[in-house]
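Chemist: Residue numbers (this note's numbering), protein chains in the order written: chain A, 1 to 141; chain B, 1001 to 1145.
Read the hints as simulated data drawn from the structure, not as lab findings.
Among these hints, one or two may not hold up.
Straight-line Cα separation of at most 27 Å, DSS-like style, residue types lysine-lysine; simulated pairs [claimed, not checked]: (1) A:129 with B:1046; (2) A:30 with B:1135; (3) B:1135 with A:4; (4) A:107 with A:129; (5) B:1118 with B:1135; (6) B:1046 with B:1118; (7) B:1115 with A:107.
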Amino acid sequence: MTAKVQYTDVEVGTEIAARSYPVDRADLVKYAGASGDFNPIHWRERVARSVGLPDVIAHGMFTMAQGGRFVTDWVGDPGAVVDYGVRFSSPVVVPDEGGATLEISGKVEEKLDGGKVVVALTARSSDQKVLTRAKAVVQLA
Amino acid sequence: MALNRDFIGRSFPPSDPYEVSRVKIREFADAIGDQNPIYRDQEAAKAAGHPDVIAPPTFPIVVSLGGAGLADPELGLNYAMVVHGEQRFEYTRPLRAGDVVVCTSTITDIKSIGKNEKLVIVTEVATVEGEPICKSHNTIVERGA
C-alpha cells in the first residue's frame, strides 16, 4: 500500500479540505444498476411519496460511497482504508430539477499505533447532516 | 410490525461464489463518480502494491446486500418500509479483481426503537479458498407506520 499522506505529517485536528459532490437522478439510476439496489424510492417519485418520503432519496450507500471517495482522494490508495463506517441520519433528497449537493469535510480525529489514523467525516445536504458517526481508519505511509 | 426475534443469531447458508471482475469494479467506480486509476488501471494498481485493480471500500455491498434470508416471510420484514440505518466495512485486505468470494451472513440483533424495528446483519466476505477479506455490519430499519 502506498498512501500519499505521511503519518508524521498529520496531527489530531488536521483538516481535510471540504468538497462538494453534485447528485442528480441519473447518478441514482447508475448507482442502482451498478449496486443492484433497485428500490424505487431511489428513482420513482410516486413510490417515494407513497411511503412518506418528501421526494426521491439517494441510496444511503451512494452517499457513503461519496464519503469514501473523499477519504480515498486524500490518501491516494483506496487500499489504505481498513475500516469505514457511517450512520445514515437523514436522507439526501434529490429533486428532479436541480438535484442535490453533498458537502463533505473531514478531520483527523485520532492517531493510532502502526501508522493508522481515524478520519471523522461530516456530510451535509441542504444544511442537514446526512451522515453521523462517519469514521474511516486509514493506514498512512 | 414486530420482527420475529427467533431470527436473532440465525446464520444463513453461504452465498453462491461471486467472481469480482475488472469490468464490474470499473462500472461501480463510474457509478460513484470516482476516477481513481487504482480502480481502473492494472499498472496503477501494481504501482500501489496491489496484484490487480482493487474495488472501492463500499463495493462489497454489491455482494452482501441483504441476502435471501431477509426475504423469509417468517421474519416479517416489510421491504417497502426499510431504510438503511448504519453500515460499516472492516477490512482484512482490499477486495480485488479476480477474487471469487462467498458471503456468510448472521442476524446479530433485532430490537425496537420507538415505532421502528432495527435489524443488524453481519456478513463475512471471504475468498472461496477461505481467506477473509472483510466484514460488513449492516443495520436496516423498518419504519413503523
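Chemist: Determine for every hint whether it applies to the structure shown.
Modeler: Status of the hints after comparison with the structure:
1. With a C-alpha separation of about 37 Å, the suggested pairing of residue 129 (chain A) with residue 1046 (chain B) is violated against the 27 Å cut-off.
2. Between the alpha carbons of residue 30 (chain A) and residue 1135 (chain B) the distance comes to roughly 25 Å, so the proposed pair stays at or under 27 Å and holds.
3. With a CA separation close to 26 Å, the supplied pair residue 1135 (chain B) and residue 4 (chain A) stays within the 27 Å bound.
4. Proposed proximity of residue 107 (chain A) and residue 129 (chain A) is supported: the alpha carbons are some 16 Å apart, at most 27 Å.
5. For the suggested pair residue 1118 (chain B) and residue 1135 (chain B), the alpha carbons sit about 19 Å apart, so the restraint of at most 27 Å is met.
6. In summary, the hint linking residue 1046 (chain B) to residue 1118 (chain B) is not supported, as the alpha carbons are separated by about 41 Å, beyond the 27 Å threshold.
7. Taken as a hint, the residue 1115 (chain B) and residue 107 (chain A) pair is broken in the structure, with Cα atoms around 35 Å apart against an allowance of 27 Å.
Checked against the numbered hints given earlier, the structure breaks hints 1, 6 and 7 and satisfies all the rest.
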